[in-house]
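Now for the letters of each chain:
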Amino acid sequence: MTVQELPGAGASYRPTPPPSWRPRTEAAPLLPDAEPYRVLGTPAADKLDPELMRRCYAELVRGRRYNAQATALTRQGRLAVYPSTVGQEACEIAAALVLAEQDWLFPSYRDTLAAVARGLDPVQALTLLRGDWHTGYDPREHRIAPLSTPLATQLPHAVGLAHAARLRGDDVVALAMVGDGGTSEGDFHEALNFAAVWQAPVVFLVQNNGFAISVPLAKQTAAPTLAHKGVGYGMPGRLVDGNDVAAVHEVLAEAVHRARTGGGPTLVEAITYRMDAHTNADDATRYRDDDEVAAWKEHDPVELLERELTARGILDEAGIEAAKDAAETMAAALRERMNADPVLDPMDLFAHVYAEQTGRLREQAAMLRAELDAEAQG
Amino acid sequence: MTVQELPGAGASYRPTPPPSWRPRTEAAPLLPDAEPYRVLGTPAADKLDPELMRRCYAELVRGRRYNAQATALTRQGRLAVYPSTVGQEACEIAAALVLAEQDWLFPSYRDTLAAVARGLDPVQALTLLRGDWHTGYDPREHRIAPLSTPLATQLPHAVGLAHAARLRGDDVVALAMVGDGGTSEGDFHEALNFAAVWQAPVVFLVQNNGFAISVPLAKQTAAPTLAHKGVGYGMPGRLVDGNDVAAVHEVLAEAVHRARTGGGPTLVEAITYRMDAHTNADDATRYRDDDEVAAWKEHDPVELLERELTARGILDEAGIEAAKDAAETMAAALRERMNADPVLDPMDLFAHVYAEQTGRLREQAAMLRAELDAEAQG
Amino acid sequence: MTTVAVKPATMAQALGRALRDAMAEDPTVHVMGEDVGTLGGVFRITDGLAKEFGEERCTDTPLAEAGILGAAVGMAMYGLRPVVEMQFDAFAYPAFEQLISHVSRMRNRTRGAMPLPITIRVPYGGGIGGVEHHSDSSEAYYVATPGLHVVTPATVEDAYGLLRASIASDDPVVFLEPKRLYWSKSEWNPDTPAAVPGIGKALVRRAGTSATLITYGPSLPVCLEAAEAAREEGWDLEVVDLRSLVPFDEDTVVASVRRTGRAVVVHEANGFGGPGAEIAARITERCFHHLEAPVLRVTGFDIPYPPPMLEKHHLPGVDRILDTVARLQWEN
Amino acid sequence: MTTVAVKPATMAQALGRALRDAMAEDPTVHVMGEDVGTLGGVFRITDGLAKEFGEERCTDTPLAEAGILGAAVGMAMYGLRPVVEMQFDAFAYPAFEQLISHVSRMRNRTRGAMPLPITIRVPYGGGIGGVEHHSDSSEAYYVATPGLHVVTPATVEDAYGLLRASIASDDPVVFLEPKRLYWSKSEWNPDTPAAVPGIGKALVRRAGTSATLITYGPSLPVCLEAAEAAREEGWDLEVVDLRSLVPFDEDTVVASVRRTGRAVVVHEANGFGGPGAEIAARITERCFHHLEAPVLRVTGFDIPYPPPMLEKHHLPGVDRILDTVARLQWEN
Ligand SMILES: Cc1ncc(C[n+]2csc(CCOP(=O)(O)OP(=O)(O)O)c2C)c(N)n1
Ligand SMILES: Cc1ncc(C[n+]2csc(CCOP(=O)(O)OP(=O)(O)O)c2C)c(N)n1
Ligand SMILES: [Mg+2]
Ligand SMILES: [Mg+2]
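Protein chains in written order, with UniProt numbering: chain A, 1 to 378; chain B, 1 to 378; chain C, 1 to 332; chain D, 1 to 332.
Because the hints were derived from the structure by calculation, they are not lab data. Positions of the beta carbon are idealized from the N, C-alpha and C atoms, including for glycine. Just so you know, not all the hints are guaranteed correct.
[To be verified] Derived coverage of chain C by chain D (criterion: at least 3 residues anywhere in the stretch with Cβ under 8 Å from a Cβ of chain D; other residues may be distant): (1) 102-112; (2) 157-165.
[Said to hold, decoys possible] Interface residues of chain B toward chain C, partial, derived using beta-carbon atoms under 7 Å: (3) Leu-128; (4) Asp-132; (5) Ser-184; (6) Glu-185; (7) Ser-214; (8) Lys-219; (9) Arg-286; (10) Trp-296; (11) Leu-349; (12) Arg-360; (13) Gln-364.
Taking the hints into account, I'd like the entire structure generated from these sequences.
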């Protein structure tokens, strides 16, 4: 038998392995756009939903004010540390607003604003960052996972939760947030792969703000865009202008809808910029130029929306003032409430380590109790 | 100022962030072919190098015989375990032959054959699998990293080594082998990302043999192909018929050349099939049908090459006989040498834990010494 | 209730039966890991579960341990009770960050709002001729991590009972399965399983008066054998099986050592910084004036796990235990 | 020789100087990690290195700890001497598999052919008001892993000397940097550094006769303060600084405890299964008849690291140390 006689020989010859692992060929549709998707300032803005946009605007203004207030609280010693999202408010707000009541948000350590925009009391959202216990709220009540300090580790959680909900027949989508730096972690890879294999109803939102602390994206990846990473998992990748709240909301809404209707996970890369330093403790001048920051100031998410809405008559001076007033009220309340020292009970150290305290913990608790009593007495 | 007046407004409007992290747009060229590349049985075979192909043939025959002999040794209790590469010999041989003397091979736990084909003494290659010390050879002498049992962990090593060599100005390429299952590990992701960011001279060869033990590819990934994973790292992905040694060699040779000449890393997916069970201890009938195995028998790497070379007059009966004889000679020698019990010194337990033995280890060594002496005395 | 008729006799079968019974009783119990579905696991512990309960409840995952455990965290957040299989001891290491930074702390960091009832099954230890990375005794890592329970059976009965208790626990449990006892047998009748012992109770497996051997998991049979052999030397050894390293049942151990006045801790894990150090230190704290001799340890050497051909020299054996008992200052 | 004129005065500066001097002397020394280049590290330890030696020798890596350590393994295989920075204790966990399965064993598994002279710098411990996951004392994991050296300085001088010794070592070293001592100061002159102490030598920091405090890293200043305070109670405490947990300088510790007859081990890490257990167990083995009381431990509680607002209750402090010393059966 010669090669020519082999069954099916020729350019397309291949034995017929079970379809389960035959290479698929529908690659191209997975490729993200080469340019970030935009709405504001483009013809697509004609279709804006005025109601939604007014809500976004109010939240953006409030979010900006929240960021300023939180940073001020670090200076007053009321917060141990604060990673600001000034410049990234469009992503934070869109992520919060796009979810239905029953959906879950998985924030990264930076995303207190998204949690607040979702309705969480800001004092609760900031519990960790003021040096109090880690999670100042019941994650199940708010369907907001604890802020994740270890980068990217929240992503597999989101996948598992979404998968579990689907197994139980519940209509729940999980939206997981991560930074550009976080995409380099193994957990990012494993989470996206699990999500795609399980077709779990998850949306991954990468906020590409250009830096992981001081490390610029060029040292983080050589990918054309982070959205291109979707290709390798067999999930769609979308690239969006992260300072354009209308665009981010639309892209996320599509992805959430896709997840909700059984279409599986989506990877969304939102291109944005962190205007403040990494945290109040960081010195951003060490790794970036003022010019770069100034260029991004021209592309401010709050101003972009304000201009568009004003130009289109969706927003007027009164609306702007109202938003600002509401933001000031929130900030004043936050300032005041954060000025009260939280009262922590040292004996709580031994609570919630296990469902039931072990003998060893009871002994250690007794020791601390005695120390505290002795201190109190003298 | 209205939206229209914004600098550069319009479809392509975007502030000018530094090029370091501007999304790149040359995505499409990164996309791998949708069909695996083949040479044997296609017009591309006209350009075969007879010398190289005869060498490949001899190695394939020897490799097949090596696999059979090693599996036989497990039945005789001479090997603790053996993961066979029957059916995968084309990948193993091509990986070994494509490298230059100074290059490095990073085998996975399955790839003893690649090490042997590179010139390593098979007895040394099998040291681990016979229950002797892990690495029966000096990795630096042979430029073959220790077999990597923890899956995918060898990939960042290959990147680091290739990077180091380049930093030192040495002409060294690292070829790292991994299975389809191994691509799901975080270390795969981190290694490919580092390689692309550093433009390290590495070639990643994924042997997609359809299974990770019992788990078929469809439960491992939803990607169009594993080669598509290259896109997310900004490195080319190539898809090749892993049973076509000419095609695998050509694709790897291109990738090695690219790495050597500063073109950075490449991801190669070779589609192949493990004809034997996962190891001698595995029962493959639990997870796959005979039909599937039979279909792949029709696409056997040794026979594919033999037919092509015979049809083209590159190989004759004498050549076939000579290859078989050489393989038998190798097998007989291996059998005989593996029949001798290796002599291990129990006191070696304490060697090479540290450069210098710690006091604690000296004490433990003395204890074992005393036990052994007591035993010897009666 | 399940209708499977096979009578479990080995520890492997008892573990499988425990999984099956737990899944049958509680629809939130999900088994997941590499090869646990179609294949039934490389040790066949999960054999038949996918068939009986469907692949959705016994799931072959992609090959990624951090992903497996991380996904299990999310599933537990939603109210499921995942039972995760790590294929071998050393292959649990990739999941370490998820384990330490999340699994062990989630209850604590949410002030009790979000407990994670995850059972992590880890086959561990040597003695089966496994090549490198297949024989680690990794318990020291788990023991040093607050928020985890660490449980390990040494008998067929305990394998069933402790696994049921672990799955039922509202806390995460690292469930260490002694590989070389998988094929140990017992007359145990699976249809009338003994009452499930709670987590955290040690058991005196053999009463004695001269000294106490404290051990767990794969070393229990060795200690019992040593205790028998010790009778020739005139020693009547008590043997305590810890069954749970966290919580550590100090009271049972302390009561025994106060009775016998001497103690040896035996385990396969490396000695330096191993669980035996904690046990010895704690016994000394609480039994100081009852001790006739320092608490000694018989453990694996402080070396990476050796090749199969040498492992017998590394593992605590009867002779080494007896030699150590002999060093308990009997002449004083 | 470097010509930098700044005179190091803090531990952070001494560490940076050690890196700089090592890089200047040995072209195979490469520093790598997250933010170590342009930023100089979040604690500024590597400040100036990228400028002085180029980004190729002080490299900002992608954000992936397993990748960092794994790449360092490959670099060491090729003959380089990587110094890896893990940004914080808990962020070293993703690299755990590389550490345990490769870094610690490569010399052993290649029968000495391929040693890995990698230094892994890990800022550790609490007391700086760091939020969750930024204050772990993770030494128990490293200590329980054969093949690793585990080193931790407590003074500015040692920070320099031990880091130089670690980088010079042909074995992998986990170099634990006590965060809260980064800003501790000393009159130390960087241009005439003291002789580099080898790895594995403990030091009696304060001579005393009543009892020995055994400690390391962040707890050394606390112990010295406690020793001063103890004078009021009539106790003259000896304080031993281990400096290296592996190898553990038993002889220095044993000699001290044999002299004083009493010992307390002090560290921040959780007590259960922590390094103090090994130290206490070992002291007891070797000093049994010299001990007037059991070796006690003052450690972090067996809980996940608490929030900054409560950490002072968790960390071993002077009062708790004195209370424990008081329990050393002085009346016997
Ligand atoms: C696993 C892990 N490694 C390191 C860190 C320390 N760290 C905190 S934030 C940060 C940079 C994160 O960058 P990115 O993911 O882009 O998010 P961004 O800060 O820009 O929001 C680093 C390295 C961490 N928190 N977790
Ligand atoms: C980190 C890790 N997890 C699990 C295992 C156990 N294991 C050994 S081989 C194997 C399957 C590997 O599949 P694949 O990567 O496709 O390689 P193949 O066996 O097909 O060559 C598994 C799960 C391992 N060796 N390492
Ligand atoms: Mg970022
Ligand atoms: Mg495979």
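Violating hint indices (sorted, rising): Checked against the structure, the hints that fail are numbers 2, 10, while the rest are satisfied.
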